[in-house]
Amino acid sequence: MLRKLRIGLAIVAIIVLTFFFLDFSNLLPESVQSITKIQLVPALLSLSLGILLLLLLLTLVFGRVYCSIICPLGIYQDVVARLANLFRKKKLRHKFRKAKTILRWSVLSLVIITYISGLGLVLDLLDPYSMYGRLAVHLFKPVYMAANNGLEHLFTAFNNYTFYKVDIHFWGWVSFGLAFASLLVVSVLAWRYGRSWCNTICPVGTVLGFLSKYSIFRLSIDHERCNQCGLCSFNCKASCIDNKSESIDYSRCVSCFNCMESCNKKAVQYLPFWKIKKTDTAKAISKATIKTDTSKRQFLSVLMLSGFLLPKAVAANFNQELVNGLRPLKRTIPLMPPGAGDRKRFNSLCTSCHLCVSKCPGNVLQPSLLEYGTEGLMQPQMLFDKGFCNYDCTLCTEVCPSGALQTLTKKEKHHTQMGRVVFVLENCIVYRNETHCGACSEHCPTQALRMVPYKGNLTIPEPHPDICIGCGGCEFICPVVPYKAVYVEGHEIQQPAKAFEDEEREEVVLDDFGF
Amino acid sequence: MKTFALAGIGLAVKPAKSLAALVPEEKKAEQAVDMVAVMGGEPDQMFKRAIAEFGGMNRFVKSGQKVCIKPNIGWDRVPERAGNTNPLLIAEIIRQCFAVGASEVTVFDHTCDDWVKCYQNSGIEAAAKAAGAKVLPANQESYYRQVELPQGKILKDAKIHQAILDSEVWINVPILKNHGGSGLTISMKNYMGIVWDRRTFHMKGLQQCIADICTLNKKPVLNVVDAYRVLQTNGPQGRSESDVVLSKALFVSPEIVAVDTAATSFFNQIRSMPMDVVKHLGFGEELGLGTTDLNKLNIKRIKL
Numbered sequence: 001m002l003r004k005l006r007i008g009l010a011i012v013a014i015i016v017l018t019f020f021f022l023d024f025s026n027l028l029p030e031s032v033q034s035i036t037k038i039q040l041v042p043a044l045l046s047l048s049l050g051i052l053l054l055l056l057l058l059t060l061v062f063g064r065v066y067c068s069i070i071c072p073l074g075i076y077q078d079v080v081a082r083l084a085n086l087f088r089k090k091k092l093r094h095k096f097r098k099a100k101t102i103l104r105w106s107v108l109s110l111v112i113i114t115y116i117s118g119l120g121l122v123l124d125l126l127d128p129y130s131m132y133g134r135l136a137v138h139l140f141k142p143v144y145m146a147a148n149n150g151l152e153h154l155f156t157a158f159n160n161y162t163f164y165k166v167d168i169h170f171w172g173w174v175s176f177g178l179a180f181a182s183l184l185v186v187s188v189l190a191w192r193y194g195r196s197w198c199n200t201i202c203p204v205g206t207v208l209g210f211l212s213k214y215s216i217f218r219l220s221i222d223h224e225r226c227n228q229c230g231l232c233s234f235n236c237k238a239s240c241i242d243n244k245s246e247s248i249d250y251s252r253c254v255s256c257f258n259c260m261e262s263c264n265k266k267a268v269q270y271l272p273f274w275k276i277k278k279t280d281t282a283k284a285i286s287k288a289t290i291k292t293d294t295s296k297r298q299f300l301s302v303l304m305l306s307g308f309l310l311p312k313a314v315a316a317n318f319n320q321e322l323v324n325g326l327r328p329l330k331r332t333i334p335l336m337p338p339g340a341g342d343r344k345r346f347n348s349l350c351t352s353c354h355l356c357v358s359k360c361p362g363n364v365l366q367p368s369l370l371e372y373g374t375e376g377l378m379q380p381q382m383l384f385d386k387g388f389c390n391y392d393c394t395l396c397t398e399v400c401p402s403g404a405l406q407t408l409t410k411k412e413k414h415h416t417q418m419g420r421v422v423f424v425l426e427n428c429i430v431y432r433n434e435t436h437c438g439a440c441s442e443h444c445p446t447q448a449l450r451m452v453p454y455k456g457n458l459t460i461p462e463p464h465p466d467i468c469i470g471c472g473g474c475e476f477i478c479p480v481v482p483y484k485a486v487y488v489e490g491h492e493i494q495q496p497a498k499a500f501e502d503e504e505r506e507e508v509v510l511d512d513f514g515f
Numbered sequence: 001m002k003t004f005a006l007a008g009i010g011l012a013v014k015p016a017k018s019l020a021a022l023v024p025e026e027k028k029a030e031q032a033v034d035m036v037a038v039m040g041g042e043p044d045q046m047f048k049r050a051i052a053e054f055g056g057m058n059r060f061v062k063s064g065q066k067v068c069i070k071p072n073i074g075w076d077r078v079p080e081r082a083g084n085t086n087p088l089l090i091a092e093i094i095r096q097c098f099a100v101g102a103s104e105v106t107v108f109d110h111t112c113d114d115w116v117k118c119y120q121n122s123g124i125e126a127a128a129k130a131a132g133a134k135v136l137p138a139n140q141e142s143y144y145r146q147v148e149l150p151q152g153k154i155l156k157d158a159k160i161h162q163a164i165l166d167s168e169v170w171i172n173v174p175i176l177k178n179h180g181g182s183g184l185t186i187s188m189k190n191y192m193g194i195v196w197d198r199r200t201f202h203m204k205g206l207q208q209c210i211a212d213i214c215t216l217n218k219k220p221v222l223n224v225v226d227a228y229r230v231l232q233t234n235g236p237q238g239r240s241e242s243d244v245v246l247s248k249a250l251f252v253s254p255e256i257v258a259v260d261t262a263a264t265s266f267f268n269q270i271r272s273m274p275m276d277v278v279k280h281l282g283f284g285e286e287l288g289l290g291t292t293d294l295n296k297l298n299i300k301r302i303k304l
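Going line by line, the protein sequences match chains W and L. Per my numbering, the very first residue in the first sequence carries number 1; after that it's consecutive. Per my numbering, the very first residue in the second sequence carries number 1; after that it's consecutive.
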């Protein structure tokens with residue numbers, strides 16, 4: 001019964017969360033995003049105390065159910081393990097394995113220490129929610145989009161326009177490669193060893209495992225009923241039931257209830273700890289006693305060193321020589337998404353789950369390489385090769401679960417300068433060809449690029465960076481290739497944008513056609 | 001496809017020098033109306049009146065025809081901001097097409113802002129669907145087909161949306177707006193929403209390319225210029241409601257250069273806009289697309 005409940009909840013959770021990542025046409029209601037906001041690491045980073053308290057209570061009452069019904073990567077592993085059994089002649093028999101306590105705590109320490117010392121990348125790479133997010137964005141979404149395009153093709157052939165074609169995006173080899181690698185590792189481990197990733201590497205698993213040792217409800221084995229048949233242990237994907245000593249390692253138990261359902265003698269029970277016979281609990285707790293590990297420091301030093309050795313930022317191309325008559329100017333400071341505020345704060349809070357990348361309707365938010373330095377690898381930056389930031393859109397700031405992007409209202413966004421416009425006269429069509437253009441001004445929502453009289457009837461852009469919000473409409477549309485006549489320069493700290501002033505106008509009375 | 005090919009050849013024979021080429025023989029009376037200008041009503045009401053002056057929609061759309069309506073839906077703006085054609089007008093035109101027996105009406109625009117937001121917030125998607133039209137996406141290159149423009153001066157070919165190419169008749173429904181690049185955007189400039197690569201226009205010379213694209217051998221049967229709300233400054237998207245003038249006017253004509261000339265003169269009352277700033281009008285005339293001399297035309301001016 002409990003197992004069925006767990007499976008039901010897990011299926012709903014993973015479908016909703018995955019679809020939320022894939023849902024490009026916003027079919028799901030906004031409220032669905034709460035499923036990303038109850039993920040532990042994002043909640044911790046955004047200091048959502050209510051959610052943290054809730055998760056703490058959940059774990060202290062029921063054990064690590066989080067790993068079974070909330071964590072998408074955990075549920076994904078269960079799906080893989082189940083699929084694996086379909087391909088096997090005989091169901092995989094798990095067996096009790098010793099806890100990899102040292103490894104677990106080393107990884108957790110590494111994550112914490114690197115994070116505190118300013119390299120959040122380790123956390124970004126290992127946070128199970130963000131890992132899953134990247135799987136969804138870089139591996140599942142292209143498939144989903146291709147399927148949509150297939151359906152579009154079919155339906156449009158019958159003159160039905162329910163579906164529309166979409167671009168299938170590839171966001172670079174780094175994000176794709178890391179997503180693919182983590183998919184491979186997690187899947188292979190899940191296929192062969194069930195939940196071993198969660199109980200050896202996952203930092204969230206280690207923390208919740210520690211807490212769940214003190215949970216009220218836990219699985220236990222009734223020694224009077226148990227005949228040591230081993231079924232519970234065979235079915236334990238966490239490999240945490242030692243049926244010889246009839247004990248369970250609670251730090252690894254993810255409360256999947258497989259053992260309970262498999263037991264023919266009803267010896268495995270889910271009870272509050274005071275109803276469990278003493279011997280059991282004592283054994284279990286002593287087994288999982290924490291041993292401090294010294295090897296973690298070695299890990300650490302190597303990792304931190306590599307962080308400092310990698311280049312901090314990609315060198316700016318400030319070559320002043322003309323290329324094809326164009327001045328090759330490029331931005332030197334990467335553009336952070338709306339609501340990012342301070343670069344340091346943003347880099348430390350973003351875990352690169354890429355939800356914003358997936359949701360951005362203009363395809364402006366793209367995973368960075370080393371533009372932010374090593375600590376910001378894969379974190380979203382604004383690039384304008386595919387589109388520009390819609391003036392009224394605040395979607396990314398709303399969906400960000402970790403608080404790296406602070407929610408902005410439309411009005412707040414209109415007054416936030418993500419970057420400043422830079423106009424390169426020598427590259428401008430009007431200057432070079434003396435023909436009308438104005439594409440940049442046309443796309444500027446605040447007229448930070450204003451067309452002013454030039455030669456004859458021509459008009460030419462005049463930059464007003466004070467009222468620029470850095471949306472990149474100008475840079476996107478500027479027809480000059482390969483070096484645009486206009487680009488947006490980033491800020492280390494996003495600035496307030498000055499409000500534009502409406503022109504004074506006389507009341508126009510129109511009582512005739514004028515022709 | 002076949003029907004289009006035939007229609008294309010039919011229209012390709014010669015550029016429309018005047019309305020005469022487009023108006024059926026029996027209507028070539030002296031009183032034939034070339035343009036109707038209406039002021040002082042609601043968008044749908046003004047269109048009803050204008051089309052009645054022409055003698056009804058069946059002069060332009062025949063029973064069984066596939067019609068494509070091309071509004072300006074370029075920006076993520078609500079109707080009050082005058083960034084896009086008025087949805088009430090679009091809905092009325094669709095209803096009139098169906099009333100004279102159109103077999104299908106499609107609506108699309110290649111937007112500048114995110115197309116989903118534009119279609120939604122302009123109110124056009126909802127209004128068009130409610131009136132029975134099919135609202136088509138235009139966000140992918142594969143919806144466009146390469147077409148030669150032998151009469152174009154500098155623009156020799158372009159990729160045109162298939163909804164235009166596959167229709168039997170199309171109706172051009174721009175909104176009159178100030179435009180930072182071309183002075184004004186009216187009917188001729190509205191053609192840019194049927195092409196895929198607009199950067200080329202800016203690259204090669206915007207004003208000439210606008211005239212060149214209008215040489216496409218499939219002309220709209222009607223140009224309906226929405227001047228119910230006019231964006232007088234900071235066009236084509238405008239940045240606040242203070243850019244908008246409630247001018248309550250509508251200009252309808254099969255003559256694209258003439259109707260744009262009329263609209264320019266109308267705009268000129270709001271803010272100075274000499275004809276030579278809107279250079280593509282003159283270029284259009286040079287290419288034989290029509291006249292900027294409104295005295296040559298029979299224009300009906302109606303105040304409601």
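Keep in mind the hints are simulated off the structure, nothing from the lab. Certain hints may be false.
Derived Cβ-Cβ restraints for the label pairs, each shown as a range [as the list claims (entries may be wrong)]:
id, chain 1, residue 1, chain 2, residue 2, range
1, L, S63, W, P482, 32 to 38 Å
2, W, N457, L, K296, 49 to 55 Å
3, L, E286, W, G172, 21 to 27 Å
4, L, E241, W, F155, 37 to 43 Å
5, W, F158, L, K296, 55 to 61 Å
6, W, L28, L, R199, 51 to 57 Å
7, W, P496, L, E42, 38 to 44 Å
8, W, N160, L, G64, 27 to 33 Å
9, W, L322, L, G64, 45 to 51 Å
10, W, N160, L, S63, 22 to 28 Å
11, L, G40, W, N457, 29 to 35 Å
12, L, E286, W, F155, 40 to 46 Å
13, W, L151, L, E241, 58 to 64 Å
If you want the footprint, here are the derived chain L segments under chain W, 3+ residues with CB under 8 Å [unchecked claim]:
id, stretch
14, 107-120
15, 146-154
16, 160-167
17, 173-181
18, 256-265
Computed from a prediction, not measured in an experiment: that's the story for all the values here. The beta carbon of each residue, even a glycine, is placed where N, CA and C say it ideally should be.
How the hints compare with the structure:
Roughly 52 Å separates the CB atoms of S63 (chain L) and P482 (chain W), a value that falls outside the hinted 32 to 38 Å. For the pair N457 (chain W) and K296 (chain L), the beta carbons lie near 25 Å from each other, so the given range of 49 to 55 Å is not met. Between E286 (chain L) and G172 (chain W) the CB atoms are about 48 Å apart, so this pair departs from the stated range of 21 to 27 Å. A hinted range of 37 to 43 Å holds for the C-beta pair E241 (chain L) and F155 (chain W), which are about 39 Å apart.
Under the hint 55 to 61 Å, the C-beta atoms of F158 (chain W) and K296 (chain L), about 48 Å apart, miss the expected range. For L28 (chain W) and R199 (chain L), the hinted distance range of 51 to 57 Å is not satisfied, since their beta carbons lie about 35 Å from each other. The hinted window of 38 to 44 Å between P496 (chain W) and E42 (chain L) holds, with their beta carbons roughly 41 Å apart. The beta-carbon spacing between N160 (chain W) and G64 (chain L), approximately 21 Å, falls outside the hinted interval of 27 to 33 Å.
At roughly 59 Å, the beta carbons of L322 (chain W) and G64 (chain L) sit outside the given window of 45 to 51 Å. The hinted window of 22 to 28 Å between N160 (chain W) and S63 (chain L) holds, with their beta carbons roughly 24 Å apart. Against the hinted window of 29 to 35 Å, the Cβ-Cβ separation of G40 (chain L) and N457 (chain W) comes to about 33 Å, which satisfies the hint. A beta carbon spacing of about 45 Å between E286 (chain L) and F155 (chain W) agrees with the range 40 to 46 Å that was offered as a hint.
Between L151 (chain W) and E241 (chain L) the CB atoms are about 41 Å apart, so this pair departs from the stated range of 58 to 64 Å. Residues of the stretch 107-120 of chain L with a Cβ under 8 Å from some Cβ of chain W number 5, which satisfies the need for three, so the listed coverage holds. Given as covered by chain W, the stretch 146-154 of chain L fails the check, having 0 residues with a CB less than 8 Å from a CB of that chain where 3 are the minimum. Using a Cβ-Cβ cut-off of 8 Å, 0 residues of the stretch 160-167 of chain L lie near chain W, which falls short of the minimum of three, so the contact claim is violated.
With 3 residues having a beta carbon nearer than 8 Å to a beta carbon of chain W, the stretch 173-181 of chain L meets the requirement of three or more and the stated coverage holds. Under the rule that three or more residues need a Cβ within less than 8 Å of chain W, the assignment of the stretch 256-265 of chain L holds, with 3 such residues.
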